[in-house]
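Its first residue numbered 423, the sequence shown is counted upward by one per residue in this note's numbering.
Hints listed in this document are in silico derivations from the structure and should not be mistaken for laboratory results. Treat the hints with care, as some may be off.
In silico DSS-like cross-links for lysine-lysine, where the CA-CA straight-line distance does not exceed 25 Å [what the hints assert, rightly or not]:
| no. | residue 1 | residue 2 |
| --- | --- | --- |
| 1 | Lys507 | Lys575 |
| 2 | Lys507 | Lys439 |
| 3 | Lys439 | Lys569 |
| 4 | Lys507 | Lys539 |
| 5 | Lys439 | Lys575 |
| 6 | Lys439 | Lys576 |
| 7 | Lys539 | Lys575 |
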Amino acid sequence: MAETKGFGTTNVLVISKLGAVLGADSRITSYENEILSETSKCGVLYSDGVGSTHALWSWAGDQVEAVQFIENLEQAVAIMSNNNKIRATIETTAATELNKTYFKQGVQSFILTFESKTLVAYRCYVYFDHLSGCPSIHGRKCRCKPKRTSGMKKLIPGVYTLGSGSDDAIEHLATSFKTNLDSIQPDEEVGWMLEGFNISEGLDSVQR
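Kindly produce the complete structure, drawing on both the sequences and the hints.
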């Protein structure tokens, strides 16, 4: 999903009434475009320990911040009394992380989970809106005071992408699903979606 060089982290979420598909690239690049070792950007957030998975995650953003963020999420949801509390737990964790000193760039995540036995999807984020031209964009010390926000958004059935390669990915998906490129819309903090897209009709067109 990502380009050979440069910044191309991509998370893709396709969700419908029939189920969902969550994917993420695993390559990490340095700010000098050096391809580093692969690391997981998609995994199990919460399971009951006897083979049933109750939540999945993917991430895009700064690697160090994302790994710490996911670890904190895993610890938080591990002590829940039941998985119906997972949304509030994740939202609280994201708000708490916002002012941690290790957060300088931000992280975004797709979360798939069950609520009352119904599959639901969220986009969770800790977002730093740096000024254009801020050196931090290239891994150096920040010289501005970025706007900091965090939150969770429940996603309706459709196609979504996150990450620095998400704009290219959503165009490829729109083409694959034979959808007009005008349906591509920004989805708040660094995400994209296919607006008004009927996933069942889209899958039918791909199969044909």
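Ascending list of hint numbers which this structure does not respect: Per hint list: single violation, 3.
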